Amino acid sequence: MSLLSLTAAAPLAAATESTSVGSPIVNISIFALFVGVTLVIVLKASKNNKTAADYYAGGRSFTGTQNGTAIAGDYLSAASFLGIVGAIAINGYDGFLYSIGFLVAWLVALLLVAEMLRNTGKFTMADVLSFRLKQRPIRIAAAITTLSVCLFYLLAQMAGAGALVSLLLGIDGKMGQSLVITVVGALMIVYVLVGGMKGTTWVQIVKACLLIAGVLVMTIWVLSMYGFNLSALLGDAVETANNPALLDPGLKYGVSEASKLDFVSLALALVLGTAALPHVLMRFYTVPTAKEARKSVVWAIWLIGAFYLFTLVLGYGAAALIGPERITNAPGGVNSAAPLLAFELGGPLLLGVISAVAFATILAVVAGLTITAAASFAHDIYANVIAKGKTTPEKEMKVARRTVVVIGIAAIIGGIGAQGQNVAFLVALAFAVAASANLPTIVYSLYWKRFSTQGAVWSMYGGLAAAIILIAFSPVVSGTETSMITSADFAFFPLSNPGIVSIPLAFLLGWLGTVLSNRKEDPAKQAEMEVRSLTGFGAEKATDH
Amino acid sequence: MAHPTSPDPVPQDGTDAALRTDPAPDQVSEEFMAVQASDEFQDLRKTQRSFIFPMAIAFLVWYFAYVLLADYAHDFMSIKVIGNINLGLLLGLLQFVSTFGITAAYVHFSNRKLDPRATALRDRLEANVDEGDLK
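As given, the protein sequences belong to chains A and B, one line each in that order.
If you count by our numbering, then the first sequence holds residues 243 to 787, one letter each, in order.
If you count by our numbering, then the second sequence holds residues 119 to 253, one letter each, in order.
In isolation and in its complexed conformation, chain A is listed as follows:
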């Protein structure tokens, strides 16, 4: 142990002088290799992009295992990886507590959503929600909530890309970071335009394998240094940090009554939001049957569960081997815990792999979000609302491709604009909007026979508005040192997470809108939806080529 810290001390001391650790050349080369390999895969995948089902749903020809791996790739964003390792290294137990919600949430998808959604929908969430209700109002509302969630998530990822650049490539200037954000955005547009869902899925599969393999190697490495004794690792973490509270709850969420309640609110949004994230829902259409959709979630649960167990070891490993003080003082702060640990263990090469994986993560997540948003706009708004169903699949796909370019450019501009802003709350907001605006309507339309158009519209708009308004009047936007706007204070709502209010409200509005509705929905359509959702009769088949 002491030998190791001696040998590592020299390069790390050098590293803190310049702004990055390791060698930017190695980092960039490994990332370029990833881009090269995935571009070839995307080009190969694009050969079969003929129909809308090919473009939006990868021809529905992925196996459950492949799709489950892609789900893990889509879900384990850079925030999960760098953020949670750092949170555990610095806040100890509370970082671990945070990670558990991200896993448990998948049971909602497994038990209540995945299979029935696969059986009743084609490409988007709105397909399911509008199945037995009035098409126009439901499609518009569902597309608006889908686009909102995608936009918040996308902005957070693009802003994160800028921060990652300064940490891993040593590019500090605003111009340099903007250039990297533009390159990431442009690459993403190419992947999604050329490869469609098939290409996007393969990028996510490759990225998930790299990420989980990298994290597994680091976990075994750390554990082997402590004779595979978790208690010894924890003890050393406490010693290095000189803080016994690192193992107990409360360091982050326990500081005040408001922060305790805030965590309950966050937990609610995480658990109920995951199964209603549009880019996660869309992944269930890429497999041929509901049984494969089930297998996808099962496989995703194993991978994601294993991943968060590994981050527990890595977080405490970073606390023990590097120490919270050095992590907070490094460029990138909390986010530098995982890269610093990689450097400590395997030198520049392992750091290069981990850095490349972090970049690949942003690329893959952003690609998944973009294709989801484009599908929602082209399929729900353009084809079903503007053209009123009187369009050809070719025309619809042309609109989808143009939307990809528009969203890609918007993401680049937004990412550059968000540089240096504190936008970490956007990911939590995306989950809160998904849990408030989408989940109640999904659950009601699958399981409540009486559910009506008015209930769905009230619940979706009510949930969306409540989440956004509460966040606008919360401490993350104004009133404190760490807010987006520090010069003014209009934070009337004391919590940073709106879920504890907006989620019950959206459930209530869905119920109220239904019982107060004059319109009676078509019982034949309800019968058709229920029968098809449970039996899989008439479900969209895989395209054969």
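If you are wondering where the hints come from, they were derived from the structure by calculation, not from laboratory data.
Simulated crosslink set (DSBU-like; lysine-lysine; CA at most 35 Å straight-line):
| id | chain 1 | residue 1 | chain 2 | residue 2 |
| --- | --- | --- | --- | --- |
| 1 | A | K286 | A | K637 |
| 2 | A | K783 | B | K164 |
| 3 | A | K640 | A | K292 |
| 4 | B | K164 | B | K231 |
| 5 | A | K762 | B | K164 |
| 6 | B | K231 | A | K533 |
| 7 | B | K164 | A | K767 |
| 8 | A | K376 | A | K533 |
| 9 | A | K767 | A | K632 |
| 10 | B | K198 | A | K502 |
| 11 | A | K533 | B | K164 |
| 12 | A | K767 | A | K533 |
| 13 | A | K632 | A | K292 |
| 14 | A | K537 | B | K231 |
| 15 | A | K640 | A | K364 |
| 16 | A | K632 | A | K783 |
| 17 | A | K767 | A | K376 |
| 18 | A | K767 | B | K231 |
| 19 | A | K376 | A | K637 |
| 20 | A | K292 | A | K537 |
| 21 | A | K364 | A | K289 |
| 22 | B | K164 | A | K537 |
| 23 | A | K292 | A | K767 |
| 24 | A | K762 | B | K231 |
| 25 | A | K364 | B | K231 |
| 26 | A | K364 | A | K637 |
| 27 | A | K364 | B | K164 |
| 28 | A | K376 | A | K537 |
| 29 | A | K640 | A | K286 |
| 30 | A | K537 | A | K637 |
| 31 | A | K376 | B | K164 |
| 32 | A | K292 | A | K783 |
| 33 | B | K231 | A | K783 |
| 34 | B | K198 | A | K494 |
Please read all numbers here as calculations on a predicted model, not as lab measurements.
Dock chain B against chain A, hints included.
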């Protein structure tokens, strides 16, 4: 939250559908409503719901019990059990165990109880309804 289930079957006289104009309930709709009212389908629906609803409530209660303990019962969660491993860490790891356990249980249950019933009903529908008639 409202009760999302209502066990009574759809009225089969078609009064509502008749009021709605549009083409009167065609043959395909009739078939779906007949299947929905059948004992086999009601049995499938009941079997599915009697597993997923209690299981969903159970894991949510267990997760939020854990969150509230970690959030409000710091002393309790800080009790050391084995070496440096405290109750909070053990309960957190148990969340992983229960998530994996429920996943495995659901797969076992749906392979045995749901899939055969769903397949039988689907075969019957495929024999009676041309999928090309679906919108």
